[in-house]
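A.B. asks: Chain by chain, the residues:
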Amino acid sequence: MAHPILNVEEVTKTYDGFKAISTLNFYLYEGELRTVIGPNGAGKTTFFDLITGRAKPDQGNIKFGPSDAPSHDLTALNEYEINRLGIGRKFQTPSVYSEHTVWDNLVLSLAGSRGVFASLFHRLKSSDHDRLDELLNLIRLSDKRSWKAGQLAHGEKQWLEIGMLLASDPKVLLIDEPAAGMTDEETHRTGELLLSLAGKHSLIVIEHDMTFVKQIAQQNTITVLHQGTVLFEGRFDEVQENPTVRHVYLGRGKSK
Amino acid sequence: MSIVNPAARILPSSSRLRIEIGVIAAIAAVVLIVLPVLNMQGVVSNFTINLWGKYLSFALLAISVDLLWGATGLLSLGQALFFSLGGYMHGMYLMRMIGDLGQYKKPIPDFLVFLGWTELPSFWKPFDSFAFAIAMVILVPGLLAFVFGYLAFRSRIKGVYFSILTQALTYAASIMFFRNNLLLGGNNGFTDFKFILGYNLLEPATQRGLYIVTGVVLLLTYIFCRWLRSTKFGLVQRAIRDGENRVLFSGYAAANYKLFVFVVAAIIASVGGALYTPQVGIINPSAMTTDKSLEAVVWVAVGGRGTLLGPILGAIGVNWLKSWATRAYPDQWLIFLGGLFIIVVLFLPGGIVSLPKRMAALFGFHGTKREKTTAAEPETETATATAIETAASIETTKG
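Residue numbers (the working numbering), protein chains in the order written: chain A, 1 to 256; chain B, 1001 to 1399.
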């Protein structure tokens, strides 16, 4: 397959003696949409924490190696440095600036300088305005641009955060449970959005809702995490039919 | 909530700004023109002008607290320290201007003679220059804030821990300044000032001049902070207050932003202190105790946290009340202050500046009462929550 943009090798992370991540090996290829599933406590969120610099691994390597830019050892960088390389993260509970308007939320996320002094004299260019309008259309919040983000419904906040992620034009998007709190229709639209992003961006999506997983996984690979390590990797049907996976995960009646 | 008309959300903010500019222009006209003119004609007493000069320098302290606490979510209890440092730096110049007119008729400050010095300590010498003293008013607190802030924000010290640390810094500094061997007047600090730039400080005209300068500095500071708020920097600042994690994961080095605000706030407080000293005529270590920082927090809370106009009104209003209450009921003042804080936290979390909006909502002036109240709800809730949280954190730090 293509070039791996994210290499996670032999990574272990322990919290107070509990192995949240245990000798994990994971490769994400450029343009891929990968879905990660696993029961509660499988280490999915810790996995994102390790990639984005919120937590440091006890052992192992995490390398970011896009084909068009120099590669970096992510374990040596902090949150904002990793984000500047082009790795964006959407949190499980929508994390938006509730006292800012939808518009300002996006302005803050727009790709560009992040320096203190640059921010003092920052002006939006007309191309920025176009980009913001385009994003507002995409996340269907055009008519709510002057609303405070705190006033949006849960699903709208999720969309806003996805929009914020896209505004920074990242190479890799890490998306934690995007469909939580959404109606079926919204969930479906979210799935379509994510599918449309694959190819241009590389994505890892953590999800519980199996209908949604089925929609976005299609011909893409699903990684099943269990007790901090990869239990199985394969297509949706293979995952569904695998007896070990059925035992630890689907076997508990999670399959819809 | 989804019935709120988005257009209704833009309108109030722009008209609110227009009202605020109007209020500021009115205050500026009264403070900078009407009062001085009335003073020259003998209608307003010199005492009143002097008192208002003090209120205005306190307003600068309040702005510095608001810039940190209101706009960035950093409750600093060290602002009284920066205020005092400004007072001391300017005070050193004023002490030199006494010349040999002190009690001991020696060319060095009295307390140095008392300590057995016959010559001026070398670090005092450059303070003969007004320009040097003013440079120090900016540099000393700025540098202290930079070093302290760099260490604190790098280590990601947040919330109540940051408050406690700034309180500890202030406490340590006051102990240091109480010592005679620091050669800054010890317990008594600096007083008995005589001249500033050749003008006699006891002349009403000099005091009036200082008062006007304070008013102008306050106005310029207000305009600067308004501008800062309108920039992308201001957006990041308030984003840090409401979701620091998101800021970090959006590529912003939040620590650098906080450091910048902390340094700017320290300088604003220091300039306030530098203007306070010649008008009040004394600066000593009791000005840098934590109570003073806490008092400034109360001014901001009473005026309206994070509103810029509120803290100015709060500082003037509460101090005006204090001037009256300490004369009328000297023993009950602290109870007044505590009561005021509790009332504001419980019943008016948005402070004085939220009163008109509250009234409008209460009596349904605009015929859009329902829309307004629904829209205001989440805001008021968070305001109450933060106010209570702050009250709690002040409680813990004070104990």
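Simulated from the structure, these hints should not be mistaken for laboratory data.
A couple of the hints might just be wrong.
[Claimed, not checked] Subject to a maximum C-alpha distance of 25 Å in a straight line, what follows is the list of computed DSS-like cross-link-like pairs (lysine-lysine): (1) Lys1322(B) <-> Lys56(A); (2) Lys1232(B) <-> Lys125(A); (3) Lys1054(B) <-> Lys1322(B).
[Unchecked claim] Some chain B residues flagged as far from chain A (calculated, every beta-carbon gap over 10 Å): (4) Val1113; (5) Met1176; (6) Ala1254; (7) Leu1346.
[Said to hold, decoys possible] Partner residues aside, some chain A positions facing chain B, computed with beta carbon under 10 Å: (8) Arg54; (9) Lys56; (10) Ala69; (11) Val116.
A quick note: this is a predicted structure, and the numbers were derived from the prediction, not measured.
Glycine included, each C-beta is placed from N, C-alpha and C at the ideal position.
A.B. asks: Are the hints correct? Go through all of them and say.
C.D. replies: To see whether the hints hold, each was checked on the structure:
no.: 1; hint: Lys1322(B) <-> Lys56(A); result: violated (53 Å)
no.: 2; hint: Lys1232(B) <-> Lys125(A); result: holds (13 Å)
no.: 3; hint: Lys1054(B) <-> Lys1322(B); result: holds (12 Å)
no.: 4; hint: Val1113; result: holds (47 Å)
no.: 5; hint: Met1176; result: holds (31 Å)
no.: 6; hint: Ala1254; result: violated (8 Å)
no.: 7; hint: Leu1346; result: holds (22 Å)
no.: 8; hint: Arg54; result: holds (8 Å)
no.: 9; hint: Lys56; result: violated (14 Å)
no.: 10; hint: Ala69; result: violated (15 Å)
no.: 11; hint: Val116; result: holds (5 Å)
Of the numbered hints given earlier, the model fails hints 1, 6, 9 and 10; all others are met.
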